[in-house]
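Produce the complete structure using the sequences and hints provided.
Per my numbering, the sequence shown starts with residue 1, numbered consecutively.
One or more hints might be untrue.
Said to hold, decoys possible - Label pairs and their computed distance ranges (CB to CB): (1) Asp-80 / Gly-109: 33 to 41 angstroms; (2) Pro-95 / Gly-166: 21 to 29 angstroms; (3) Asp-441 / Gly-680: 46 to 54 angstroms.
Treat the hints as calculated values from the structure; they're not laboratory data.
Just so it is clear, the structure is predicted and the values come from calculations on it, not from any experiment.
We treat Cβ as the ideally placed atom computed from N, Cα and C, and that holds for glycine.
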Amino acid sequence: MSDSVELAISGMTCSTCASRIERKLNRVPGVHATVNYATESAHIELDSDIPVADLVRVVEQTGYAAAPVSDGVSDGGDVDSLRTRFTVSLVLALPVVALSMITALQFPGWQWAALALTTVIVGWGAWPFHHAAAINARHAAAPMDTLVSMGVLAAYLWSLWAIVFGGAGEIGYTMSHGFGDHSEMGLPDIYLEVAAAVPVFLLAGRWFEARAKRRSTAALRALAELAAPDAALIVDGVERRVPVADVHVGDRFVVRPGERIATDGVVEDGASAIDTSLLTGESLPVEVGVGDAVVGSTINVDGVITVRATRVGADTQLARISRLVVEAQAGKAPVQRLADRISAVFVPVVIAIALITLGAWWLLTGDIEAAFTAAVAVLIIACPCALGLATPTAILVGTGRGAQLGILIRGPEVLEDTRRASVIVLDKTGTVTTGRMALRDVLVAAGEDPVIVGSLAAAVERNSEHPVARAIAGGLEVAPAGDFANFRGLGVTGRVGDISVAVGRPTWVADMVGASSVPAVLEAAMDAAEGEGATVVAVGWQGAVRGALVVADAVRPSSARAITLLRELGLRPVLLTGDNSRSAHAVASEVGINEVFAEVLPEDKVAVVRDLQATGASVAMTGDGVNDAAALAQADLGIAMGAGTDAAIEASDITLVRSDLLSAVDAIRLSRRTLRTIKGNLFWAFAYNVAMIPLAAVGLLSPLFAGAAMAFSSVFVVANSLLLRRFRPTA
Numbered sequence: 001m002s003d004s005v006e007l008a009i010s011g012m013t014c015s016t017c018a019s020r021i022e023r024k025l026n027r028v029p030g031v032h033a034t035v036n037y038a039t040e041s042a043h044i045e046l047d048s049d050i051p052v053a054d055l056v057r058v059v060e061q062t063g064y065a066a067a068p069v070s071d072g073v074s075d076g077g078d079v080d081s082l083r084t085r086f087t088v089s090l091v092l093a094l095p096v097v098a099l100s101m102i103t104a105l106q107f108p109g110w111q112w113a114a115l116a117l118t119t120v121i122v123g124w125g126a127w128p129f130h131h132a133a134a135i136n137a138r139h140a141a142a143p144m145d146t147l148v149s150m151g152v153l154a155a156y157l158w159s160l161w162a163i164v165f166g167g168a169g170e171i172g173y174t175m176s177h178g179f180g181d182h183s184e185m186g187l188p189d190i191y192l193e194v195a196a197a198v199p200v201f202l203l204a205g206r207w208f209e210a211r212a213k214r215r216s217t218a219a220l221r222a223l224a225e226l227a228a229p230d231a232a233l234i235v236d237g238v239e240r241r242v243p244v245a246d247v248h249v250g251d252r253f254v255v256r257p258g259e260r261i262a263t264d265g266v267v268e269d270g271a272s273a274i275d276t277s278l279l280t281g282e283s284l285p286v287e288v289g290v291g292d293a294v295v296g297s298t299i300n301v302d303g304v305i306t307v308r309a310t311r312v313g314a315d316t317q318l319a320r321i322s323r324l325v326v327e328a329q330a331g332k333a334p335v336q337r338l339a340d341r342i343s344a345v346f347v348p349v350v351i352a353i354a355l356i357t358l359g360a361w362w363l364l365t366g367d368i369e370a371a372f373t374a375a376v377a378v379l380i381i382a383c384p385c386a387l388g389l390a391t392p393t394a395i396l397v398g399t400g401r402g403a404q405l406g407i408l409i410r411g412p413e414v415l416e417d418t419r420r421a422s423v424i425v426l427d428k429t430g431t432v433t434t435g436r437m438a439l440r441d442v443l444v445a446a447g448e449d450p451v452i453v454g455s456l457a458a459a460v461e462r463n464s465e466h467p468v469a470r471a472i473a474g475g476l477e478v479a480p481a482g483d484f485a486n487f488r489g490l491g492v493t494g495r496v497g498d499i500s501v502a503v504g505r506p507t508w509v510a511d512m513v514g515a516s517s518v519p520a521v522l523e524a525a526m527d528a529a530e531g532e533g534a535t536v537v538a539v540g541w542q543g544a545v546r547g548a549l550v551v552a553d554a555v556r557p558s559s560a561r562a563i564t565l566l567r568e569l570g571l572r573p574v575l576l577t578g579d580n581s582r583s584a585h586a587v588a589s590e591v592g593i594n595e596v597f598a599e600v601l602p603e604d605k606v607a608v609v610r611d612l613q614a615t616g617a618s619v620a621m622t623g624d625g626v627n628d629a630a631a632l633a634q635a636d637l638g639i640a641m642g643a644g645t646d647a648a649i650e651a652s653d654i655t656l657v658r659s660d661l662l663s664a665v666d667a668i669r670l671s672r673r674t675l676r677t678i679k680g681n682l683f684w685a686f687a688y689n690v691a692m693i694p695l696a697a698v699g700l701l702s703p704l705f706a707g708a709a710m711a712f713s714s715v716f717v718v719a720n721s722l723l724l725r726r727f728r729p730t731a
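Written as structure tokens, this is what we have:
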């Protein structure tokens, strides 16, 4: 079984850097690496025992820094450093641009003052671009920063030569503006405003990108911060506060009102309401009592409970949620791999275009300044930062928003699967229904009171642990009966006051109470209820069968609406269950499903999914049980309900923390919207480069405006991705 490692990568400045690191890591035998520029991380699957230090060394030999991380949560870049570098550069660049563009401000010697300010910007403000270009040059690589560094240095060095050696340093030198015309004195133009302003635009873009990364991973960091710091462990009957890391499976601990539950467990004593909103999005507290499972990091609202730990550390639901989100953000969608391949060859092609532009302008016009200006504009406008950010920022924001809503997307390739899905197969029990038996109706014979029939039956059933009995007793709260007796497979008896009551199979109840038969009207009502897939138990006392209780696996209140919404998303719903046909069709009819596969064994569920796929359908499936795991794995898109088994969750592509079909609707909506955002980002990035490079090559775009446009394209892509944070779940 392979292990996985997360490395935090620093020093990356574009997606080309990420591609280089990924290629280097994947050359190591037994390593399967995915490097994500947006998360500044590498997710590595290992087929063999490879020391993490060796992987770090590979990254460092590539020219970057790496360190193993335990939680995989990036802080979104060095935001403070970028802000400082941007702010100082902006303050210095404003007078340079003003002096260069406005002739009236050009006092004697202004060009020397502008040169001094620009030198600071080029040498310190633009240092990240030069540093990245130099590192990659040593490895015979040319990332996007190479274009930026070459463009800025070309504009600066030309201006430096013109001022020091070309006559532009003469006192009284003036320029009308920074592009197109020569100086009024017939001396060469200088491009200090380009060398000063372009780094400012790009630093602004990098700063906004870093802020976006920090905001995008806020949900994941919030998940990591939910964990309780300690627990009131019960040791030899005495409570003792210990760090949560010291809690082991089987340990018992006390949780008081207002405290977080230390780890996943089962309530052994007490009852309370648990606030799960931060983890599941449910606004109402969940009532729990003895035997109920609780999730670590959720908040105990009112009562005092004693919990026995069942999962600790990396096995808890919170840890698994964080791990799934990290894996999703570290991966790549198929469309991103196309962008990576393009970026890898893009920079050399652009440098070639810039050289061709320089040579063509010089040969055709003989004007070296115009040729130089056009070539610099090509270098700057072509920097495809937007292309590198298009996919990872959208995945980052989309999966982060999903985590906030209890929708865990296992990997970015899942986004494509949600778009293609045309059929959704729904397991019945625990998915369309609650998976718990509930009292649905009280049937009575002529002249009997439903309240009396129900209360007497509930009083007897309070003593039984059978699921049907619990459903009856839970639906009608009364004191338990005395003289309780359990006749396995038949029913139960008990005494309520002076009345001996029997509850169970109709014919057995009739025999127990001495009735000759079940009243015809009551028997007809019982047959009708059983015909709808419900379980019916008779109630009798003092020589007559008085009534019956109808118990059924209750349909979730939101299921019918969810089915309607799934149809609107273009999905054909199919019900798949191992339950009997009558029950399955009754549930299907209630929620609006037309296709039903009932009485299906677990291994046959896989066959049903395969048969649907054989018709050309792309199949999504939802389920929650061990018997659903194989079918979830077979489906093109597996969606596991969060209350389900580990096997179902591990076999799925999407996990829903809330066991509600509306969450499945939201998962598909969010995934499709994220995919649309990725495609919109890629279209903008491609269209921008395709349109702007020719304009720069023919001299219609100045280097100054090229830098502004390039920075704007990156900011646009990030801002467009951040719109996913506004995604709202189905009400």
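When the hints from earlier in the document are held up against this structure, which numbers fail?
-> none
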